[in-house]
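**Q** As a plain string of letters, each chain reads:
Protein chains: 4
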Amino acid sequence: MIGGGAGAFIGQVHRQAAALAGGIDLVAGAFSRDPASNEETGSACGLAPQRVYPGWQALLESESQLDAQQRINLLAIVTPNHLHAPITAAALRAGIHVFCEKPAALSSTETRDLAQLLGTVDARYGLAHTYQGYPMVWQARHMVAAGEIGRVRKLYVEYPQGWLSDDLAGQGNKQATWRGDPQLAGQGGCIGDIGTHAFSLAEFVSGQRIERLCAHLGTHVAGRVLDDDCSMLFLTDQGASGVLLASQVCAGEENALTIRIYGDKGGLEWRQEEPNSLIHRPLDQPMRVLRAGANHSWLCDEALQRIRLPAGHPEGYLEAMANLYSDFAQAITGSPSAAAALPGIETGMRGMAFIEAALASHASEAKWTALASSEGAQR
Amino acid sequence: MIGGGAGAFIGQVHRQAAALAGGIDLVAGAFSRDPASNEETGSACGLAPQRVYPGWQALLESESQLDAQQRINLLAIVTPNHLHAPITAAALRAGIHVFCEKPAALSSTETRDLAQLLGTVDARYGLAHTYQGYPMVWQARHMVAAGEIGRVRKLYVEYPQGWLSDDLAGQGNKQATWRGDPQLAGQGGCIGDIGTHAFSLAEFVSGQRIERLCAHLGTHVAGRVLDDDCSMLFLTDQGASGVLLASQVCAGEENALTIRIYGDKGGLEWRQEEPNSLIHRPLDQPMRVLRAGANHSWLCDEALQRIRLPAGHPEGYLEAMANLYSDFAQAITGSPSAAAALPGIETGMRGMAFIEAALASHASEAKWTALASSEGAQR
Amino acid sequence: MIGGGAGAFIGQVHRQAAALAGGIDLVAGAFSRDPASNEETGSACGLAPQRVYPGWQALLESESQLDAQQRINLLAIVTPNHLHAPITAAALRAGIHVFCEKPAALSSTETRDLAQLLGTVDARYGLAHTYQGYPMVWQARHMVAAGEIGRVRKLYVEYPQGWLSDDLAGQGNKQATWRGDPQLAGQGGCIGDIGTHAFSLAEFVSGQRIERLCAHLGTHVAGRVLDDDCSMLFLTDQGASGVLLASQVCAGEENALTIRIYGDKGGLEWRQEEPNSLIHRPLDQPMRVLRAGANHSWLCDEALQRIRLPAGHPEGYLEAMANLYSDFAQAITGSPSAAAALPGIETGMRGMAFIEAALASHASEAKWTALASSEGAQR
Amino acid sequence: MIGGGAGAFIGQVHRQAAALAGGIDLVAGAFSRDPASNEETGSACGLAPQRVYPGWQALLESESQLDAQQRINLLAIVTPNHLHAPITAAALRAGIHVFCEKPAALSSTETRDLAQLLGTVDARYGLAHTYQGYPMVWQARHMVAAGEIGRVRKLYVEYPQGWLSDDLAGQGNKQATWRGDPQLAGQGGCIGDIGTHAFSLAEFVSGQRIERLCAHLGTHVAGRVLDDDCSMLFLTDQGASGVLLASQVCAGEENALTIRIYGDKGGLEWRQEEPNSLIHRPLDQPMRVLRAGANHSWLCDEALQRIRLPAGHPEGYLEAMANLYSDFAQAITGSPSAAAALPGIETGMRGMAFIEAALASHASEAKWTALASSEGAQR
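Top to bottom, those sequences are chains A, B, C and D. Numbered per the working numbering, the first sequence spans residues 1 to 379. Numbered per the working numbering, the second sequence spans residues 1001 to 1379. Numbered per the working numbering, the third sequence spans residues 2001 to 2379. Numbered per the working numbering, the fourth sequence spans residues 3001 to 3379.
Okay, chain A solo, but in the shape it has when bound (with noise of 0.2 Å):
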């Protein structure tokens, strides 16, 4: 693991995801530039203190002088947004499996290389879409696939948060301090840290590709640089139309990621912070509540195989990016189908072409703006 030390979010994410996941072990990182830092994690992490490197470069450096039995053979990415993609290229070539937190770079130029650097070394890539590991996110998806809520003509996601009410990076915050500089997350704020996870949930759910955009972009407090708030409509290929919001000034909110799609039979509800359930409004029925439960023989397979417990024993975030490493760590021994589900670089690239649109959108005096294609499907 790269990143993550002391007053980190996201590397304990990962690492208890990994745990609960199965079958990694945690043997070596590079936790933070600060030594006490690093060394403590490190520690704390039961690691031998010779594999608990300075930095990724040495870390790299010396894994791969190691055994094949021994040496890393998955490195997960939990470092501010920069390094993302040039730790990912050296770990790669050095043919270590690649598990990245969002976003894949900082730009689609540099996702496109990582994009065509994959084509030419033996390792796999995963990208951290933490909801796409949510059993009923994969309910909902199967259900529109499957006709469902018949064709597909509105969506709405929404990503409220209200951490960045206030000034947190002026009073010293570790995670609104890096977010808010450019250097270090890239040129979206709120739109590449949260704007990204809500599109591609509206993606992966709906199975369609937003085409055009129409953004507007906020900057609530003062001596932030990056937007933190954002709204938009969109329009995909096949036809559908949307809203999209994210926020880190809806003060009062938590975390209260939400997908709402509607088609001509019907409509879907799923909302984050109540995982076990998605809201199915027939047209024309009473409406059901189908919830997360291993004993729910009217799933589908993709959200069983993603449910551990009875239902009505809650499961949460964590076991939802316990599943994306539980597939990751499936993808890598050669199972197809993990290898499919996991979100990979052209859900990177997806997710930098929306920031570059939104963020062009917002500058533009004109009503849409296009997405740059890529080549492949979603993913």
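Take the hints with a grain of salt, since some may be wrong.
Ranges between beta-carbon positions, derived for each pair [as the list claims (entries may be wrong)]: (1) D:Asp3264 with C:Val2225: 17 to 23 Å; (2) D:Thr3120 with C:Val2225: 51 to 57 Å; (3) A:Gln50 with D:Ser3335: 27 to 33 Å; (4) C:Gln2050 with B:Pro1049: 28 to 34 Å; (5) D:Pro3286 with B:Pro1182: 42 to 48 Å.
Under the rule of at most 30 Å between Cα atoms (straight-line distance), these lysine-lysine pairs were calculated in the DSSO-like manner [stated by the list, open to error]: (6) B:Lys1265 with D:Lys3265; (7) A:Lys265 with B:Lys1174; (8) B:Lys1265 with A:Lys174; (9) C:Lys2265 with D:Lys3174; (10) A:Lys265 with C:Lys2265; (11) C:Lys2174 with D:Lys3265.
Facing chain C, from chain B, some residues (calculated, C-beta under 7 Å) [claimed, not checked]: (12) Gln1016; (13) Leu1020; (14) Ala1311; (15) Gly1312; (16) His1313; (17) Pro1314; (18) Glu1315; (19) Tyr1317.
What the hints contain is simulated information worked out from the structure, not anything from laboratory work. Ideal placement from N, C-alpha and C gives every residue a C-beta, glycine not left out.
With the hints as your guide, set chains B, C and D onto chain A.
**A** Just chains B, C and D, lined up with the frame of chain A:
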């Protein structure tokens, strides 16, 4: 009452709401152009047969000739939209107070004419924006005005319905038929029918005026002429921004009008389908749920005046409409606060400006379209 | 109307519900023994001064001497409990239909006397078990009777309130004062005031009769004489068992009457505070939420007849009470189905048997106490 | 680990929870008497084949002979109930810490023997009352202890499940089969399986001891021997009263453990199926919803220590169990506060006293049955 014969929806609502409000007797009506339906409704309402008129002109003409004691002094207009303005004008000229279903008229021009007429007659005018009769909407408005959520940054208002997912008009549904005919409904379909409710609610709760918007409209059912769906970004006169969506093709949705408003100190959320709760999320404190209840001393006066029952005895849509009737009855008898509380011609002008701007924006390549300004305050 | 002066709760409810029901005019009343309050209420209700009577005897005496066309033909009794039986008896003897707040009387003996009297007079009797006016309660009853949840095994019914957590009577609250006085309220406090609502709802929805119970009552506030809290186990005549609890010291609770009923094929849940939803949990299928809506063709006739508005336009407590008034008005004019639907003296006798059994059980060391049986069916 | 082979439920839970807790490695096991299943599970868990033992005796014997560094120092017991006591005793005597699924044993006598043994060995004992690992349960307990709801008056705790509505044992369901066999499960069916969870939660949150109860049990499925349903009234040592119900025939219910507790200053409500929210209803103030979140400074320390993620990132059942494992791991390494937090043999003795009192009460004609007292405090 004019309009509201068999098969109509809102006529029944007005009659029940007026009965609930008390102090208002239905004594005359022209409910339908179909004589049988007209008679039947009149008889069901217990009217004297001679006061069940074949049309609105006959009603106004005959009633005007009755004694001041006997004749109607308040006219409720619940016809399809195209008749709102002509009947309103005729009644006002006859010195009869008018309580009219929204919209006030079919265009800004017609509405402005009514506004001017109102300046010259001795009669009051009220517009049935039902949702402004809900106590917890008043509570939300009060809290925003009192600064309890700080400076407003974001406004999200939505109104998803699903009842026009199919071609109901083609199936003979009376409600769907006239709403789909531009001659009867005006140029806006969904944008006029429910978009204006969402718009008015946003302005009412926030105390801000929407100045510019960027709209995308849709028509999803073959044979339908008017829009059945709209989404827009908007900017207010006080620097807030937001999203408004209204749709009648969100299959399975009922009447899910919802407003969320966020300031730098907290947020509020109100859902029409659970109207007795107002969620308050103060920044950096636990969320609170304010519940309607005549015994809840912590609510504002405007809310308490509109609550009939102790907490836990749910009130609903008819009670909200009855609150408008109560306000109107009191406004007629000279209460300035009731008059101030009632949505009137200014609300009507704002609504028409909104519809026309949304239609113009949809047709435009430019991102932002300004709303025509009117002079007075919102009401 | 007798009772319901200033400071009363249920009188206002009855007046508004009757207005909402339509076809019922309030023309005479004796609202309060306090002449000023009596006059004020009469005037506020728009009564002719000569028909605002100083007491119930005066009302009945004077009205009886009026023409059949003019005099009241329906009397609503909304006094404290001790007057229910004497006024009912006198009105029935005068040939006036009676719609009475619950309880029917202060004892089983008094209630049985009323039942016998009813067999001898040409007047109808209704008992205001408001919760039986809710459409989704009828839907639940229908589904149980139709076997949709199979053979009933468990019944849980609860009615927590919190408004008597403090000594409101000591603080001069009129509602709390008479309810705490055995001379006025009867021997049951909470058990009589709201326990009977829970009991009647359980019998109404299940179609079963509670035969034996085991009760524990409590009185939690210094100076209070009657119980303010009760819990009990019970067994029904058809082999189901269950729990009933009612309390007025559940601090912070509003009016959270809830029933859950489980059979061998599924379960149902209805909550009064969200009365427009009925949760249905079929065994081994996803849960469903049945929502009230005049347009929801899948609801049973009894429910649809009691719904005024399309789905998503919430109806509440006043509408439920208005449904009872509508049933009563129709019962008077000869509708057998409306008469059958209305809670009447049999419900009153069941309620008294329940209160008396609960009090006896609380005083007993034995586990089970039988309810006195009455002959007829529940209603 | 002993128990937890293919088809078992709780073994998987323990393994995942221990992994999530961190610092605990699964190195040896006897998962099933079926050699194939045993081997398969061992291999899936990555164990060395020589440490996958054919039975618990073999495991204890062999492990005891290993170096202190190598051998297991913590044993998780997840077998059917009848083996809990003998394995526990043997492991404790071998100086191995034991973390055991509930119940501690099959009877009070057996449990007391374990308690005495514990006084003589140098090994710790924990009992897997998972629900006591939830942060918001700790928050509730803290608020009660801190007097935030005043003097406790009422306790309602319920645990409805529906999974035994049919004869699953007859259909070969492994979980249902052993739970229905008194030789394996003990004398209590539902009362032992989930009734004890409800009971322990009530005592844990309230800080009170249930002294007397009045229980009614039921068995609803042909061929079933043990109870599948129970309801009871109870009284506590500090003057509160309440209701406990647990059932496995509430068709359609999942795992709806819920506790509500009311004092003279307010009430609390927690639902296991939405475990990240705690509803607080202060008397005469708006209700509040306390949400789990590592960033919610207003939560108590005991809650914050058990929360991994920022608010809005849901945690669930595995996280709760992992919290118990963390406490146990810390207790082993000498943390007194972690040891104090962990449910142990006292909780086990309370649970057995509860089961035995409930069974005795059900068989008795008397209203109240006392719980056998044990000497120490609850834990």
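**Q** Of all the hints numbered above, which does this structure not satisfy? Sort the numbers upward.
**A** none
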